[in-house]
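Enquirer: First residue of the sequence shown? That's 10 in the numbering used here, and the numbers climb one at a time after it.
Some hints here could point you the wrong way.
With a straight-line Cα cutoff of 20 angstroms, these simulated EDC-like cross-link-like pairs (lysine to aspartate or glutamate) come out [claimed, not checked]:
(1) K56 <-> E123
(2) K84 <-> D67
(3) K116 <-> E126
(4) K45 <-> D185
(5) K81 <-> D128
(6) K26 <-> E68
(7) K84 <-> E124
(8) K157 <-> E124
(9) K162 <-> D128
(10) K81 <-> E126
(11) K162 <-> E107
(12) K161 <-> D128
(13) K26 <-> D138
(14) K162 <-> D152
(15) K161 <-> D185
(16) K56 <-> D128
(17) K122 <-> D106
(18) K26 <-> E175
(19) K95 <-> E124
(20) K116 <-> D67
(21) K19 <-> E175
(22) K45 <-> D15
(23) K81 <-> E49
(24) K95 <-> D152
(25) K116 <-> D70
(26) K95 <-> D15
(27) K19 <-> D152
(28) K161 <-> E124
(29) K161 <-> E126
(30) K81 <-> E41
(31) K26 <-> D67
(32) K27 <-> D138
(33) K27 <-> E68
(34) K116 <-> D106
(35) K23 <-> E68
(36) K23 <-> D67
(37) K81 <-> D15
(38) K95 <-> D156
Hints were generated in silico from the structure; no laboratory data involved.
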Amino acid sequence: MVDEIDQQKKLLRKEAKKNRVEAYRRCPDAAERLCKRLFEEISLPAKAVVSAYWPLGDELDPMPLLHALNIKGFKPVLPVMLGAGKPLIFRSWAPGDELDDAGFGTKEPGADKEELEPDVLFVPLLAFDRAGYRLGYGGGFYDRTLDKLRAKKSVTAIGIAYAGQEMPAVIRGPYDEPLNYIVTEQEVIEFS
Numbered sequence: 010m011v012d013e014i015d016q017q018k019k020l021l022r023k024e025a026k027k028n029r030v031e032a033y034r035r036c037p038d039a040a041e042r043l044c045k046r047l048f049e050e051i052s053l054p055a056k057a058v059v060s061a062y063w064p065l066g067d068e069l070d071p072m073p074l075l076h077a078l079n080i081k082g083f084k085p086v087l088p089v090m091l092g093a094g095k096p097l098i099f100r101s102w103a104p105g106d107e108l109d110d111a112g113f114g115t116k117e118p119g120a121d122k123e124e125l126e127p128d129v130l131f132v133p134l135l136a137f138d139r140a141g142y143r144l145g146y147g148g149g150f151y152d153r154t155l156d157k158l159r160a161k162k163s164v165t166a167i168g169i170a171y172a173g174q175e176m177p178a179v180i181r182g183p184y185d186e187p188l189n190y191i192v193t194e195q196e197v198i199e200f201s
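Kindly produce the complete structure, drawing on both the sequences and the hints.
Expert: This is the structure in structure tokens:
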């Protein structure tokens with residue numbers, strides 16, 4: 010059953026990547042519009058530790074959001090991969106900090122930065138649906154991480170995406186963690 014789900018997801022990822030490329034081309038100001046929409050419609054806990062990610066290629070860039078959150082007094086962190094099959098850890102980040110090359114074209118804070126657990130995670134994705142699920146890249150990093158964090162405390166997971174990344178239904182397995190919100194350049198979708 011899980012192998013069948015993984016195969017279906019693999020096919021869906023090809024379609025999702027094409028959709029994201031188109032959305033990226035259609036909406037060059039999506040990151041700024043998303044940031045404005047988020048602050049208008051979602052109330053984040055004051056001084057929360059917030060995680061985003063270093064953008065790859067045509068991913069929606071969360072850095073304008075992370076800069077704005079930093080100015081507003083939130084504590085930004087970025088994920089650090091410890092290896093296949095392991096949850097992510099998070100290290101503090103501030104605008105202007107040097108980042109280490111983490112492979113795959115991404116960057117992460119160095120080992121000298123403070124390790125913190127986020128209260129809010131802005132999560133990358135290839136596709137999303139209106140049931141609150143995302144299609145990621147297939148490594149399971151965010152699902153494992155959300156599962157681990159949610160076992161300890163209340164954590165808010167917010168998928169950030171172009172509106173064009175929406176699909177009628179995302180195939181999901183028993184290990185897939187739901188999101189609390191999706192924020193696009195066009196709307197905020199809240200899940201119960």
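Enquirer: Look at each hint and say if it fits the structure.
Expert: Against the structure, the hints:
1. K56 <-> E123: Holds - the C-alpha atoms of E123 and K56 are around 16 angstroms apart, at most 20 angstroms.
2. K84 <-> D67: violated (26 angstroms)
3. K116 <-> E126: Roughly 18 angstroms between the alpha carbons, so the hint for K116 and E126 holds.
4. K45 <-> D185: violated (29 angstroms)
5. K81 <-> D128: holds (16 angstroms)
6. K26 <-> E68: holds (10 angstroms)
7. K84 <-> E124: Holds, at about 12 angstroms.
8. K157 <-> E124: Since the Cα atoms of K157 and E124 sit roughly 15 angstroms apart, the hinted pair holds (cutoff 20 angstroms).
9. K162 <-> D128: holds (8 angstroms)
10. K81 <-> E126: holds (19 angstroms)
11. K162 <-> E107: violated (30 angstroms)
12. K161 <-> D128: Holds: K161 and D128 sit about 11 angstroms apart, inside 20 angstroms.
13. K26 <-> D138: holds (15 angstroms)
14. K162 <-> D152: Given that 20 angstroms is the threshold and the Cα spacing comes to 15 angstroms, the pair holds.
15. K161 <-> D185: holds (18 angstroms)
16. K56 <-> D128: With a Cα-Cα distance of about 10 angstroms, the restraint between K56 and D128 holds, given a limit of 20 angstroms.
17. K122 <-> D106: holds (10 angstroms)
18. K26 <-> E175: Roughly 12 angstroms between the alpha carbons, so the hint for K26 and E175 holds.
19. K95 <-> E124: holds (16 angstroms)
20. K116 <-> D67: Roughly 16 angstroms separates the two Cα atoms, so the pair holds.
21. K19 <-> E175: holds (17 angstroms)
22. K45 <-> D15: Measuring from Cα to Cα gives roughly 35 angstroms; hence the hint is violated.
23. K81 <-> E49: At roughly 14 angstroms apart (the allowed maximum being 20 angstroms), E49 and K81 satisfy the hint.
24. K95 <-> D152: holds (10 angstroms)
25. K116 <-> D70: holds (13 angstroms)
26. K95 <-> D15: holds (18 angstroms)
27. K19 <-> D152: holds (17 angstroms)
28. K161 <-> E124: holds (16 angstroms)
29. K161 <-> E126: Judged against 20 angstroms, a Cα distance of about 10 angstroms means the pair holds.
30. K81 <-> E41: holds (16 angstroms)
31. K26 <-> D67: Answer holds: K26 to D67 is near 9 angstroms, not above 20 angstroms.
32. K27 <-> D138: Satisfied, since the Cα-Cα distance of roughly 16 angstroms is no more than 20 angstroms.
33. K27 <-> E68: holds (12 angstroms)
34. K116 <-> D106: Roughly 11 angstroms separates the two Cα atoms, so the pair holds.
35. K23 <-> E68: Holds, because 15 angstroms separates the two Cα atoms, which is no more than 20 angstroms.
36. K23 <-> D67: Holds, at roughly 14 angstroms.
37. K81 <-> D15: violated (40 angstroms)
38. K95 <-> D156: holds (12 angstroms)
In terms of the numbered hints stated before, the structure departs from hints 2, 4, 11, 22 and 37, listed from lowest to highest.
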